[in-house]
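J.: Based on these hints, arrange chain X on the given structure of chain D.
Number of protein chains: 2
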Amino acid sequence: MLYLENFAPGQRYVSNKLRVDAAAIKAFAAQFDPQPFHTDDEAARGTFFGGLAASGWHTAALTMKLLVESDFRPAGGIIGTRADEMKWPRPVRPGDELHVESEVLKVRPSTSRPGQGSVKCRSTTLNQDGEPV
Amino acid sequence: MLYLENFAPGQRYVSNKLRVDAAAIKAFAAQFDPQPFHTDDEAARGTFFGGLAASGWHTAALTMKLLVESDFRPAGGIIGTRADEMKWPRPVRPGDELHVESEVLKVRPSTSRPGQGSVKCRSTTLNQDGEPV
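Here the protein sequences come in this chain order: D and X.
If you're matching positions, the first sequence starts at 1 in the numbering used here and goes up one per residue.
If you're matching positions, the second sequence starts at 134 in the numbering used here and goes up one per residue.
Pulled out of the complex, with its shape left as it was, chain D reads as follows (with noise of 0.2 Å):
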C-alpha cells in the first residue's frame, strides 16, 4: 500500500501482460459495444477497420485491469474523476499482447480534505509491438 508521501513525479510502473483473444472481444462487445467490426471476423472486414478489432471501452476496461494488478496501489484504491484526455491510436486485435506503462505526473494534497490527496498519472497501454493502443 502506498501513500500520497510515498508518490513522487517521476516515478514509473510497468504491468504484467495480458494476451487478447477473439472471444475475448466478442464477448466484450456483445455486452457493451455491439457493432460488427467488434463482434463478428466476417463483418468487420469491410469496416474500417479491415478486421476484428476491440472495443476501445474494452482496451481502456483491460488497461484499469493491468493497473490494479500493478505496483501502483495508491491506499484506499485507484478511483479517478478524471481523465484530462484519452486517445485510442491503434485498435487491439485478436492475439495482441498489452501492458501498460504509467508514469506519476502530479502529486497534490487535497485542500478539503486533511491526510487525503491525489495523484495524476499518464498511463500508457502497448502492444507486442511496443506501439500504445
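Reference excerpt, derived from the structure (chain X facing chain D, CB under 10 Å, subset only):
# : residue
1 : Gln164
2 : Pro167
3 : Ala193
4 : Glu202
5 : Ile211
6 : Gly213
7 : Ala216
8 : Glu218
Result set (EDC-like, lysine to aspartate or glutamate): computed pairs, CA atoms no more than 20 Å apart in a straight line:
#  : chain 1 : residue 1 : chain 2 : residue 2
9  : D       : Lys26     : X       : Glu202
10 : D       : Lys87     : X       : Glu218
11 : X       : Lys220    : X       : Glu230
12 : X       : Lys220    : D       : Glu85
13 : X       : Lys253    : X       : Asp217
14 : X       : Lys253    : D       : Glu85
15 : D       : Lys120    : X       : Glu218
Read the hints as simulated data drawn from the structure, not as lab findings.
For glycine and all other residues, C-beta sits at the position ideal for the given N, C-alpha and C.
T.: Only chain X this time, still in chain D's reference frame:
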C-alpha cells in the same frame, strides 16, 4: 444510417434507459476492476464510496451501449479516436437507471480521406435523478 451531411452542431440525441444492478456491477469489476468497493457490498462500506459503486469503466461501457442503441447512427459506425475530457462526477449505484444525452458540437470533413469526416459530441450519462454520473 446518418452521413456527414446529416449532422449539424446543436443536434441532440437521447438514449433509452438501462437499469444497473449489483450483480452487473460485481461481474464487470471481477473482470476489469477488482477493487473492494466495486466487488463486495460489505467491504465497500469502509471505503471512499461508503457502499458498492460501479467501476467508472463500467459506467463508460454502459454509456457506449446506450449510444450504440440510440438514434445516433453514423454510417460506418461509432468509432472514437479520442476524448478531450472524461469526468466521473458521481458513482453509479446498484439500482440506478441510466440514460445518455448527446449533443453534436462540431462536424468536420476529413482533409485526407474524401467522403469521410468526423463528428465531435458531448455525451452526458445521467441517473434517474437527472444527476450526471
